[in-house]
Amino acid sequence: MQDLKGDLSVLDKPVAGNNGVSLISAMHDIQEKYSYLPEEVLRELAAETDTPLIEIYRIATFYKHFSLTPKGKHRIVSCTGTACHVRGIEVVNTEVSRLLGVEPGSTTADGKYSLETVNCLGACALAPLVVIDGEYYGNMTASRIRKIIRKHDKKTEKTACSCSSSAK
Amino acid sequence: MINMILNGLEISVEKGTTLLETANFYGIEIPTLCHDEGLSSYGACRLCLVEVGPPGRSWLVSSCTYPAREGLVVRTHTRRIARARRMLIELYLATCPSSKTIQDLACQFQVTAVRFRQRHDDCILCGLCVRMCDEQMQAKAIGLVDRGADRRVATPFDKKSEQCRLCGGCQYICPACQARCQGPQEENPICNACLNLAPPCLEEYEDAMCYMDPCVACELKGNN
Amino acid sequence: MRNLQAGLKSPADLELMRKRLKEARGRRENYLAVCGDTGCTVWGSNTIKDSLQDCLKRKGFLEKVDIKFTGCLGLCESGPVIIVFPQEIFYQKVKEADIEEIIDKTVLKGEVVERLLYEDPTSGQKYIYASDIPFYKNQVRVLLGNNWINDPNSIEDYIAIDGYKALGRALTEMSPAEVVEEIKISHLRGRGGAGFPTGRKWEECYKASSDHKYIICNADEGDPGAFMDRSLLEGNPHAVLEGLIIGGYAVGASEGIIYIRAEYPTAVDKLSLAINNAEKLGLLGENIMGSGFNFYVSISIGAGAFVCGETSALVSSIEGKVGEPRQKPPHLVERGLWNKPTVVNNVETLANVPYIILNGAGEFCRTGTKESRGTKIFSLVGKVNNTGLVEVPLGITLREIIFEIGGGIKDGGKFKAVQTGGPSGGCLPEMFLDSPVDFEELKAAGSMMGSGGMIVMDEETCMIDVARYFLRFLKDESCGKCFSCREGISRMLEIADSIARGTGSLEELELLKELGSAVKDSSMCGLGQSSANPVLSTIRYFEDEYKDHILENKCPAGVCRELISFDIDSVFCNTCGACIKNCPASAVCEDKEGQPVIIQEACSKCGTCLETCKHGAVLKR
Chain L
1 MQDLKGDLSV
11 LDKPVAGNNG
21 VSLISAMHDI
31 QEKYSYLPEE
41 VLRELAAETD
51 TPLIEIYRIA
61 TFYKHFSLTP
71 KGKHRIVSCT
81 GTACHVRGIE
91 VVNTEVSRLL
101 GVEPGSTTAD
111 GKYSLETVNC
121 LGACALAPLV
131 VIDGEYYGNM
141 TASRIRKIIR
151 KHDKKTEKTA
161 CSCSSSAK
Chain F
1 MINMILNGLE
11 ISVEKGTTLL
21 ETANFYGIEI
31 PTLCHDEGLS
41 SYGACRLCLV
51 EVGPPGRSWL
61 VSSCTYPARE
71 GLVVRTHTRR
81 IARARRMLIE
91 LYLATCPSSK
101 TIQDLACQFQ
111 VTAVRFRQRH
121 DDCILCGLCV
131 RMCDEQMQAK
141 AIGLVDRGAD
151 RRVATPFDKK
161 SEQCRLCGGC
171 QYICPACQAR
181 CQGPQEENPI
191 CNACLNLAPP
201 CLEEYEDAMC
211 YMDPCVACEL
221 KGNN
Chain R
1 MRNLQAGLKS
11 PADLELMRKR
21 LKEARGRREN
31 YLAVCGDTGC
41 TVWGSNTIKD
51 SLQDCLKRKG
61 FLEKVDIKFT
71 GCLGLCESGP
81 VIIVFPQEIF
91 YQKVKEADIE
101 EIIDKTVLKG
111 EVVERLLYED
121 PTSGQKYIYA
131 SDIPFYKNQV
141 RVLLGNNWIN
151 DPNSIEDYIA
161 IDGYKALGRA
171 LTEMSPAEVV
181 EEIKISHLRG
191 RGGAGFPTGR
201 KWEECYKASS
211 DHKYIICNAD
221 EGDPGAFMDR
231 SLLEGNPHAV
241 LEGLIIGGYA
251 VGASEGIIYI
261 RAEYPTAVDK
271 LSLAINNAEK
281 LGLLGENIMG
291 SGFNFYVSIS
301 IGAGAFVCGE
311 TSALVSSIEG
321 KVGEPRQKPP
331 HLVERGLWNK
341 PTVVNNVETL
351 ANVPYIILNG
361 AGEFCRTGTK
371 ESRGTKIFSL
381 VGKVNNTGLV
391 EVPLGITLRE
401 IIFEIGGGIK
411 DGGKFKAVQT
421 GGPSGGCLPE
431 MFLDSPVDFE
441 ELKAAGSMMG
451 SGGMIVMDEE
461 TCMIDVARYF
471 LRFLKDESCG
481 KCFSCREGIS
491 RMLEIADSIA
501 RGTGSLEELE
511 LLKELGSAVK
521 DSSMCGLGQS
531 SANPVLSTIR
541 YFEDEYKDHI
551 LENKCPAGVC
561 RELISFDIDS
571 VFCNTCGACI
581 KNCPASAVCE
591 DKEGQPVIIQ
601 EACSKCGTCL
611 ETCKHGAVLK
621 R
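Protein chains in written order, with the working numbering: chain L, 1 to 168; chain F, 1 to 224; chain R, 1 to 621.
A few of these clues could be false.
Unchecked claim - Only pairs whose alpha carbons sit at most 30 Å apart, straight line, appear in this in silico DSS-like list of lysine-lysine:
id: 1; chain 1: R; residue 1: K321; chain 2: R; residue 2: K207
id: 2; chain 1: L; residue 1: K33; chain 2: F; residue 2: K160
id: 3; chain 1: R; residue 1: K64; chain 2: R; residue 2: K22
id: 4; chain 1: R; residue 1: K165; chain 2: R; residue 2: K19
id: 5; chain 1: R; residue 1: K547; chain 2: R; residue 2: K410
id: 6; chain 1: R; residue 1: K95; chain 2: L; residue 2: K155
id: 7; chain 1: L; residue 1: K73; chain 2: F; residue 2: K159
id: 8; chain 1: R; residue 1: K95; chain 2: L; residue 2: K151
FYI, nobody ran anything at the bench for these hints, they're computed from the structure.
Please put together the full structure from these sequences, using the hints given.
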């Protein structure tokens with residue numbers, strides 16, 4: 001494990017309405033830094049804030065935004081809001097799961113993609129909606145998502161190659 | 001003192017009293033699965049429902065968490081309560097059928113059939129163990145983690161907790177895992193686990209031993 | 001002349017600044033409003049804005065024509081949208097290639113580019129001016145109207161359109177009690193769902209005695225299919241902020257907190273900027289505009305939990321805990337955030353406040369019905385032609401919203417139901433199309449106003465599937481504390497699943513109804529109590545559809561996978577092989593004559609063949 005310890009500067013921020021520390025905003029910062037919530041850091045957070053560890057674990061499991069396992073390099077988020085559902089996101093999701101061989105909520109074995117669902121991104125006019133690495137794709141269909149992921153696959157492969165070659 | 005109307009009677013109770021305590025004080029029995037006098041109120045099992053508010057505009061609340069309020073109209077035994085409670089008990093039976101506590105409740109409220117798919121969970125998430133661990137044992141070793149249908153009692157990161165002193169308080173207070181009924185056995189139609197206990201329902205319903213209908217124990221008794 | 005940028009010391013300073021801003025703006029009435037809301041940016045409005053700027057620069061008109069990257073312009077379906085001012089010419093689906101022409105013809109000469117105009121989906125008529133388009137014509141855009149003329153990142157823009165004037169008036173001309181009274185007279189009701197009178201809420205908090213009080217803006221818009229609050233915060237953050245400050249003054253709070261979903265990063269950014277700008281001008285912070293009133297605002301970001309929209313759960317989440325609702329009473333006014341008196345208002349409710357204070361309660365009351373005054377923003381989505389954000393007077397009929405503003409059902413389909421109120425609401429059938437939309441009417445019909453999501457459904461939407469969708473949503477989003485809500489929802493889903501598979505029975509349908517009403521009665525918080533609404537309302541109005549699934553093993557809408565099958569009609573098929581090539585399950589093969597056939601056992605019923613077949617040879621039954 002790399003240096004997971006000793007970085008809790010996030011705790012210096014005061015919480016809304018009180019001078020204490022908001023565990024949720026601290027955990028937001030930890031997740032932003034590591035892309036997930038590493039157990040070691042959470043244990044340290046508990047010790048630092050004098051919070052029972054179980055309370056931290058409860059928060060980490062209660063809120064869907066938090067993840068206790070590392071996320072994939074690329075994140076595919078599909079919106080499962082009502083509008084997306086009515087316009088057929090489920091077919092798209094089945095297709096993505098089939099293509100990548102993982103169920104929503106998990107990461108591919110090579111750590112390249114993680115597949116997530118979110119209960120409405122608030123862009124319902126674009127339904128059905130899929131977001132890949134922060135980029136929104138509206139009016140999705142099974143055949144379109146197939147093409148997009150293939151294209152994305154090729155693109156990332158290329159950049160991965162150029163990165164490694166430039167590193168030399 | 002707070003004045004209110006309980007089942008049509010004008011009564012007064014001290015400030016800070018809950019409706020459950022009030023009803024119990026006046027000798028009215030209300031069933032509950034997640035309440036214990038030594039622990040804080042939680043309101044999760046929903047069995048202690050009472051109806052508050054004037055007829056026609058009334059609603060159901062859990063009496064263990066609802067504070068007595070000036071002028072409140074409370075009814076403890078209405079048809080609406082009975083209907084909701086029987087449905088809840090049926091759900092409990094469908095989820096956690098081998099708990100003796102739940103079987104006794106089913107018996108007391110004459111819930112004799114389960115129309116849902118039978119599951120065999122060993123936890124009803126009443127939270128008694130969690131409050132026991134926190135409030136009485138001061139350990140905070142376990143908690144209710146995750147949410148929705150995935151909610152469960154767990155230790156931090158599902159590993160052996162450093163805070164746990166193996167005091168057994170959680171087991172002692174659990175209404176689901178203590179005195180589990182094993183159901184009909186090969187050699188004997190009942191497991192006999194309940195015969196070693198003094199089930200509370202016996203005081204009221206002398207012929208009742210088991211939630212099954214017809215009650216196997218009663219049938220045995222009749223035969224003797 | 002005084003430098004006003006250093007801070008406004010009195011409402012007179014604000015008026016002076018406004019006067020200067022208006023004068024400066026009056027000389028430049030030519031501008032282009034480019035929609036910068038999420039919808040249009042997905043269609044590429046970012047690049048459109050940049051190339052507009054480049055083009056103007058090349059032609060040397062950058063000084064004469066302004067470009068405003070605005071909040072949602074409403075008609076998300078037709079993005080990217082541009083409105084050319086001062087004529088208000090409306091262009092839709094603008095591409096980069098069109099930009100030069102727009103500038104040459106429309107901006108410089110006032111001519112119209114015909115092919116970019118909006119065309120009515122039913123009549124085929126083209127419209128030039130935005131205000132003539134039926135989508136806009138039938139709306140009353142009190143809150144959203146400002147999105148057209150407002151850059152959300154600019155506090156100057158907001159001040160130029162009389163922004164913070166209401167705050168100045170409240171602080172200097174009115175006592176807190178008078179502000180509360182004005183809101184009470186206006187009959188403003190909470191726009192978050194339940195419709196509790198805002199004035200009464202404020203009055204209770206105003207009367208509560210405490211050294212410290214809080215006012216919270218609830219921007220945890222969790223209802224799937226609703227994005228009004230996001231668009232308001234992204235399009236006009238200062239209106240919400242001004243409402244929050246006035247609310248703080250009225251109830252005696254010195255601190256305001258905006259609780260916002262983590263899923264809305266853009267809104268968080270725009271809001272933070274707005275707070276910063278307001279602080280710099282002295283409209284927030286210590287001694288606001290010399291009135292002696294101190295008020296501070298902070299943002300609290302959620303972490304993905306629908307249940308945190310419930311006020312007691314929301315407070316618990318702000319305190320940094322797990323968002324579980326608790327029994328009320330004690331109400332938040334008695335024991336709220338950090339055990340202090342607290343009032344929680346929805347984003348849209350607060351955005352209405354400056355309008356009421358500025359124009360008077362009487363003016364606000366002129367729109368709406370007796371019990372539900374003012375306007376309401378709906379996100380009109382689903383199978384409707386003009387998806388987007390609409391603001392209508394309360395009391396308007398569903399028919400007007402869906403058919404006049406929304407332009408009817410997509411692809412010439414037939415209307416089946418409209419879902420309002422999110423997971424707490426219900427589906428209303430055709431018979432309610434002519435009933436007015438207000439809090440009471442929707443509740444009586446078995447649905448609710450909710451925060452304003454309006455999802456239109458056509459004949460290809462299965463009502464059992466919709467009920468299952470919401471149950472799955474709630475199963476995941478319920479906090480799980482109450483046994484009745486947690487277990488009740490799981491069991492309702494179990495039965496609904498069985499019906500959707502064609503293995504249900506009429507007894508199970510009765511059990512579903514019985515269970516639904518028990519869950520409604522016995523759960524603790526509002527979310528649990530309303531969790532059965534999607535099931536109960538679909539059974540109430542579409543029981544025949546349930547019975548079709550149970551008795552005939554048929555899904556009339558063709559949605560429930562276990563009950564449908566795909567076939568290829570050899571009459572229409574020209575053996576192009578598209579279905580064979582595209583089938584993800586490899587379930588389409590050629591038979592001896594080279595004719596594609598679907599192997600039913602292998603078919604995953606994804607519908608790809610139906611989607612790819614250009615000859616209409618794939619049949620779904």
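Structure-based check of all given hints:
Distance restraint check for K321/R and K207/R: the Cα-Cα separation of roughly 28 Å lies within the 30 Å cut-off, and the hinted pair is therefore satisfied. This hinted pair checks out: K33/L and K160/F have alpha carbons roughly 28 Å apart, not beyond 30 Å. A hinted pair counts as satisfied when its Cα atoms are at most 30 Å apart, and K64/R with K22/R qualifies at roughly 16 Å. Using a Cα cut-off of 30 Å, the hinted pair K165/R and K19/R holds, with the two alpha carbons roughly 12 Å apart.
Under the criterion of a C-alpha separation no larger than 30 Å, the hint pairing K547/R with K410/R is consistent with the structure, at around 27 Å. Only pairs whose Cα atoms come within 30 Å are accepted, and K95/R paired with K155/L is accepted, the gap being roughly 25 Å. With a CA separation close to 28 Å, the supplied pair K73/L and K159/F stays within the 30 Å bound. With a C-alpha separation of about 23 Å, the suggested pair K95/R and K151/L falls inside the 30 Å cut-off, and the hint holds.
In this structure, none of the earlier numbered hints is contradicted; all agree with it.
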